[in-house]
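Asks: Spelled out from the first residue to the last, the chains are:
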Amino acid sequence: MTRRSFARLISLAAIPLLLLAAPAPAQQSTLDSVKQKGVLVAGVKNDYPPFGYIDEKGQTVGFDIEIARYIAGKLGVKLELKPVTSANRIPMLTNGNIDLIAASMTITREREEVVDFSVPYIVIGSKFLVKKGSGIKGYADLAGKTVAFTQGTPWGDKVAAAQPQAKTLVFQDKPQAVLSVMQGKAHAYVDDAAPLFVFAKQNEALEAVGEPSKAQPMGIAVRPNDSKWRDAINFALIDMWDDGTYAKLHKQFFGVEPDPAFIIYNWKL
Amino acid sequence: MNYDFDWGVLIEYRGLLWDGLVATVELSVASLLLSLLIGTLVASGRSFAPALLRPLFTVYVEFFRNVPPIVQFFFWYFGVGLDVVPAAVIGLSAFTGAYVAEVVRSGIGSIPKTQLEAARSQGMTPTQVLTFVILPQAMIRIIPPLSVEFINVIKNSSIAMTIGLTELTFQTQEIEARTFRGFEAATAVTLLYVALAFFIVALSHAVERAARLDLRRG
Amino acid sequence: MDFSPVIRNLPYMLQGLQLTFLLALVGMSGSLVGGTVLALLRLSPYRLLRWPAAVYVDAVRMIPLIMVIFWIFFLLPILTGRPVSATSAAMIALVAFNSSYMAEVVRAGLMSVPKGLGEAARSSGLSFFQNLLLITFPIAFRNMLPAIVSRFIALFMGTSLAYVIGVTEFFRAANNINNRIFRPFEIYLFVAVVYFVCCWSLSLLSRWIERRLAAGERPAKQDQTALSLRIEAPAIAARAR
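Protein chains in written order, with my numbering: chain A, 1 to 269; chain B, 1 to 218; chain C, 1 to 241.
Since the hints were made in silico from the structure, they are not lab data.
Do not take every clue at face value.
What the hints assert, rightly or not - From the derived model, a few chain A residues whose C-beta atoms are all more than 10 Å from chain B:
(1) E66
(2) I107
(3) G125
(4) A161
(5) P164
(6) A166
(7) V170
(8) F171
(9) G184
(10) E204
(11) Q216
(12) G244
Stated by the list, open to error - Taking beta-carbon pairs under 10 Å as the criterion, some of the chain C residues facing chain B (in silico):
(13) G158
(14) N175
(15) P184
(16) F185
(17) L202
Claimed, not checked - Quick list of simulated restraints, FRET-style, between CB atoms:
(18) G58/A to R207/C: 52 to 60 Å
(19) T245/A to V29/B: 55 to 63 Å
(20) L134/C to D32/A: 29 to 37 Å
No experiment lies behind these values; they were computed from the predicted model shown.
Glycine included, C-beta positions come from ideal geometry on N, C-alpha and C.
Only chain A is shown next, with the shape it has when bound in the complex (with noise of 0.2 Å):
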């Protein structure tokens, strides 16, 4: 082979290479990227009732599908919807697959050092999804036994903590779990109580007991350092709430008024 005809052969490797060196796009406020993409994309749980799961028709809805749908509404946006795990919503936000997590997820501290978290829009407490008639009510009868729960959920290092002679187990998709406790896989799954009541109802045989613990707040994720965007989330919450298209929600995907003691302040004097 030629010396000129393999140096040309070589740039034209060299090309894609090149798009790679390009620079990032400059920051701008996810706020004015997605009015002018005019979409906003949110990560949304697919498998998880109420917060987001699939209907018969094959749609995807739920308790935060609504939440995000008002929020583009108010943006005067479309909405898109990506389907997202415990395990990978943070970095499908961080790396800019979806504009914000509306996905159960729960606020907590080591999260808050990554993501940016809106204020609280629900307050939920957990349970154990169990078989019926298998006497378990607590961390106490669950020594020796087998728990469930999903990667990317804080549950893993709580019952390490409040039961260290249980065994876990690790699955990626929520109804994955469930089915471990109807196939004796698993004694308990430990999860939200939402969704685990409706597990429950869904399947005769289990049910859903105790308080692994106290209830937790969930919030909307954002990726951090971007005050307008969380901001304008906030707003679009706080107008949810006053309005009264939250306690209509509310009623519709968990079947009761919302909890007297949880409110959503508007920050007016």
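Following the hints, complete the assembly by docking chains B and C onto the known chain A.
Replies: The following block gives chains B and C in isolation, referenced to the frame of chain A:
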């Protein structure tokens, strides 16, 4: 690039990485041994079983090598209801066994007819010929392709993370979920896989050299 | 065992199967290009070009495909500062991963072309690139076909790993259905059968191509030992009785 590198998490979470490495090696070794057994049985059956039974072995090979490992894992774990480790071992062995069967088959086929004729003329039964003459020689010949299969087993063991086996790739995700330092975790795990592959290659060369020495002596 | 839920949800799963085929096709086309570039780089007289290519080809094959998928989806955006969609990440990962295998296939294919043809072409005035494109590649490509189809089958099965980043290919589609109706035995058995039918048909195609290519050459040598035992076994059995 605005990413806060923190390579210290690798030291902090070396326990998880070690657990993952152990799980990967355990699953790979167990599956390799079981798939060697399966592959040898199936290959021998394909070449030497009564003609009516032979298609069964062919069906095994064709079916289990054309179904992705992740599907086989999910079938044994969620479909049949086995526990994580049995499902992972059976799934991986069934899949790899089909490939090993083909490797063993080529090894058997590479043995010259004269070996067979000499053994038969000594009065050995076909089973004795198979066990004492053909298979030993075939096994030594297929050490190089078998080491490739061993590396494949190690790579495919990573798929078991999807059914909750806490092997190396699972630990990458676990460290990411706890520390949000996925880049560092993935780098460490990738280097570990490369190290495992190098180890297999070195091991295979050593075994080859030892085998050839034996042949020369005998 | 009740397969009616599987049949009810067939359209959704078949859509996923479409994406599976698309991923495999894009992966194979991309890696044919990538593999060719890598193979040519490895044949280069310059160490600076040869070594990175050789390292890439050897190293990528030591890493599981699932790790490559995670790298491209979660970590490439950190390097480039730009997000990568799940489907794009899957395609890039498949191309990057398979290119290392295709590099070996292309190298073998190029070397299978008799040198005399290239020399004759160059001596009759064709340029280096004309020779490469018009003479060498067509013949090499014909010889590579069985290996290409065989790697395509592996790619087709590899698309199932895009499940982990949420791409709605066939396996993930089946999983989404199972997450709703909880019939794992029927669903995963069905998924296995579908993959088997697709991959096995492709392997039959590969064998047919091999036979067509070998037409005119002498027949393949049979397994010697196996053949002998097959002939001898009945005679032995007769004698034993």
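Asks: Enumerate the violated hints, using their earlier numbering and listing them in ascending order.
Replies: 7, 8, 9, 18, 20
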